[in-house]
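Trainee: Construct all of the structure, not just a fragment, from the sequences and the given hints.
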Amino acid sequence: MTTQKPLVQINDLHLYFDSFDGQSHVLDGVNLTVNRGDILGIVGETGSGKTMTALSIANLMPGGKLTGEVWFDGENVLQKRGADLRRFRASRLGMIFQNPTTNLNPVFTIGELLIDAILTQQYDVAGWQLMSVGKWLNRGLRKQAREKAIELLNLVGIPDPAQRLSQYPHEFSGGQKQRVLIAMALAGDPDLLIADEPTTALDVAIQAQILRLIQRIVEEREMSALLITHDMGVVAKICTRVAVMYGGVVVEDAPIEAIFSNPQHPYTRGLLRAIPSDEMQHGDLQGIPGSPPSFLSPPSGCRFHPRCPERLEHCHIAPPAVVHINDESHSVACYLHTDEKRKSFARD
Amino acid sequence: MVNYILRRLILIVVVLFGLSILTFVITRIIPADPVRLAAGPRASDEQVEALRVQYGYDKPLIEQYINYITDVLQGDLGSSVVLRREVGPDLQRFFPATLELVIASLLIAVAVGIPLGLISAVFREQWPDHLARLLSLGGVSLPSFWLAIILQLLIAFSVSWIPITGRYPRIATPPDTITGMYVIDSIFALDFDALRTTLTYLLLPAICLSFGALAVVARTVRADTLEVLNTDYIRTARAIGVPEIVIVLKYALKNASLNTLTQVGLFFGFTLTGSVLVESVFSWPGIGTYAVTAALNKDFVPLMGVTLLIGFAVVVINLLTDLLYGVLNPRIRYES
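For the protein sequence lines, the chains are A and B, in the order given. Going left to right, the first sequence walks through residues 6 to 353 as my numbering numbers them. Going left to right, the second sequence walks through residues -17 to 318 as my numbering numbers them.
One thing to keep in mind: the hints can contain errors.
For lysine to any residue, the following SDA-like pairs were computed, each having C-alpha atoms within a straight-line distance of at most 25 Å [claimed, not checked]:
id, chain 1, residue 1, chain 2, residue 2
1, B, Lys236, A, Phe177
2, A, Lys10, A, Phe22
3, A, Lys85, B, Ile227
Please keep in mind that the hints were generated in silico from the structure rather than gathered at the bench. What you are looking at is a predicted structure, and each value in this text was computed from that prediction instead of being measured.
Mentor: So, in structure tokens, the structure goes:
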């Protein structure tokens, strides 16, 4: 544990969307910390708010009303606008997303995309100089950027990088596209790599390679990372901390060992039971009954209570407070652990 | 690639054959007698019959067609009964004027339509978008000949240096004919006075003719840009800090321009036929005016010539569009 200030600190983040059916409350008070050197995994089912939390760090929300604070190395990201925000994204953050095929512009070569990324992120070149006429004015710089692009492709493990720069995305395999996207994200030497389900769309054999690549890069470059996934197996492979999200809130946040050896929230336990393992017999695998809550009319109190196997009588009344278990590094939001309340209700 | 072009060229020949048969049959089965019309109201039956034999209208339909198509294949498009002139040289004289008008109007459509569509998309649901969409809605709904007359009225009363009819001043000689398109000819001749004159004459008809295509280009670019701006790869570009100007003018525009290109290719044909009305209003001496005159005289040979020429131009432009599409879109490669 370092005593340094955390790299990212998210405080009480709420996100609302107005829709025809009413207001949906997608994030309901998210608190999250990414320490330097951490690979923080955010896990949860589809629709638990993982992606929205990650996008808010880049202030890249697709609309909606956002309240709360996102502190990145002492700066409030949500107050950044225009060029300031763009420079922040370019120099501090790298993001990769789920489907590498739809995340690469199909009508440009890998080289063009990568060089644009390097020029904007490393050299902060003005936009018009990336377009046809402007390109001629910057040939020296472009040559440098090309060298850097080859270097980056080497780093992410693409063979023959110089030749491949002139190829289009559809000439690359899925895993290679994700490697290229990682290279683009790394172009500005970011402090934080945000990976939103980076392996979900890939073959199982490729998934492990990409995860190892992310892990290696984060360690070598002394970065931090935020890895979003719904796969506990992925978390176990590379994360140092885990935040479990459900229905727009973080329900448990703990170091990786504690999550697997000493899970505290019933939802976390449910997720762990849903991991297949070698010793399992046919029929042993358990899911969590029910489906994720609707954002339009979320359950009252703890949002997990309708599906919770260990539900208490008062779980539906108010959302539980966050309590720390053992030491400061493990926190959980569940009435099973708010001792005073438990006692008081027990007395009644 | 070569194979692909070869196959397309064979297809073009087939299409043109079909077109020639169709127009030939239509002109021969409608109840009108071009020979009698050409002979004049006072001609006797014998005179009319003599003329009919002279032009070959007395032979069976099949034989007439075979004669016609053999001549066409040898580059002879036949003669007009009414004008008593060969069709080929007439088309050679009038087609460049139409082509110049159509190219100018498509250039206007693209040069104005693409920025208009982009502005609409970037300022979606704000006033620039509403204004641009109102303009393009007007463009598709207003008939070009009505617009032409209104523009003539407005210009005639306000701007004196813009001529409202014709192609070149009657008292002046146009630049030496090389391509027949005055703009290009005057540039070749380095005659910039002639170029200016030509452009002022071209301005009004080209604007009128451009409106339909312009509206569609603007609407397509708007829709495509909105779609592209919502894609994952644009989000990725934003996430890594690519400036918004590059995202719109480079990343989104290239994707959106693919459909626009197809549309301009299609609109070449529409504009070519649409030029008939605009040419009539502006007394533009192109094949539109020529075709209208021939049609009013029930003079079929020139009409068939015009139809074949327009058909030929359209299929050639379509082929060029498809080839250019392959250049712009790397995912398409024409293989055998």
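Trainee: Evaluate each hint against the coordinates.
Mentor: Taking the hints in turn, this is what the structure says about them:
Distance hint between Lys236(B) and Phe177(A) is fulfilled; the C-alpha atoms sit about 21 Å from each other, no more than 25 Å. A threshold of 25 Å between alpha carbons decides the hint, and for Lys10(A) with Phe22(A) the separation of about 32 Å lies outside it, so the pair is violated. The suggested pairing of Lys85(A) with Ile227(B) holds, with an alpha-carbon distance near 18 Å, which does not exceed 25 Å.
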